[in-house]
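J.: Sequence:
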Amino acid sequence: MEPIDRDRWHTIYRRAVQYFKRILPGLGNAGTYQLAALAADYVDDPDQFK
1001 MEPIDRDRWH TIYRRAVQYF KRILPGLGNA GTYQLAALAA DYVDDPDQFK
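If you want the working numbering, it's the position in the sequence shown, counting the first as 1, plus 1000.
Simulated from the structure, these hints should not be mistaken for laboratory data. Since the model is a prediction, treat every value here as computed from it, not as a measurement. Some clues are possibly wrong.
The calculated DMTMM-like cross-link candidates involving lysine to aspartate or glutamate, where the alpha carbons are at most 25 Å apart (straight line), are [claimed, not checked]: (1) Lys-1021 / Asp-1045; (2) Lys-1021 / Asp-1007; (3) Lys-1021 / Asp-1041; (4) Lys-1050 / Asp-1005; (5) Lys-1050 / Glu-1002; (6) Lys-1021 / Asp-1044.
Here are the in silico distance ranges between beta carbons for each label pair [said to hold, decoys possible]: (7) Glu-1002 / Pro-1025: 34 to 44 Å; (8) Pro-1025 / Asp-1047: 24 to 34 Å; (9) Ile-1004 / Gln-1034: 17 to 27 Å; (10) Asn-1029 / Glu-1002: 25 to 35 Å; (11) Gly-1028 / Glu-1002: 26 to 36 Å.
We put the beta carbon where it would ideally sit given N, CA and C, even for glycine.
Using the sequences plus the hints, can you model the full thing?
T.: Right, dumping it as structure tokens:
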């Protein structure tokens, strides 16, 4: 699978931050950012999580 470019990764990351802040407001900033980075990494390369 071809890795996504950095701009696309960042777009996914920003959308994930918005989503997780809305559904998990008590998570805090650090947890939200880490979870969003994991989500963007998973979209980029799901095989690394096997």
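J.: State for each hint whether it applies.
T.: A quick look at each hint next to the structure:
1. Lys-1021 / Asp-1045: holds (23 Å)
2. Lys-1021 / Asp-1007: holds (21 Å)
3. Lys-1021 / Asp-1041: holds (18 Å)
4. Lys-1050 / Asp-1005: Holds, at about 22 Å.
5. Lys-1050 / Glu-1002: holds (17 Å)
6. Lys-1021 / Asp-1044: holds (21 Å)
7. Glu-1002 / Pro-1025: 34 to 44 Å: At roughly 35 Å between Cβ atoms, Pro-1025 and Glu-1002 fall inside 34 to 44 Å, so the hint holds.
8. Pro-1025 / Asp-1047: 24 to 34 Å: holds (32 Å)
9. Ile-1004 / Gln-1034: 17 to 27 Å: Holds, at about 19 Å.
10. Asn-1029 / Glu-1002: 25 to 35 Å: holds (32 Å)
11. Gly-1028 / Glu-1002: 26 to 36 Å: holds (34 Å)
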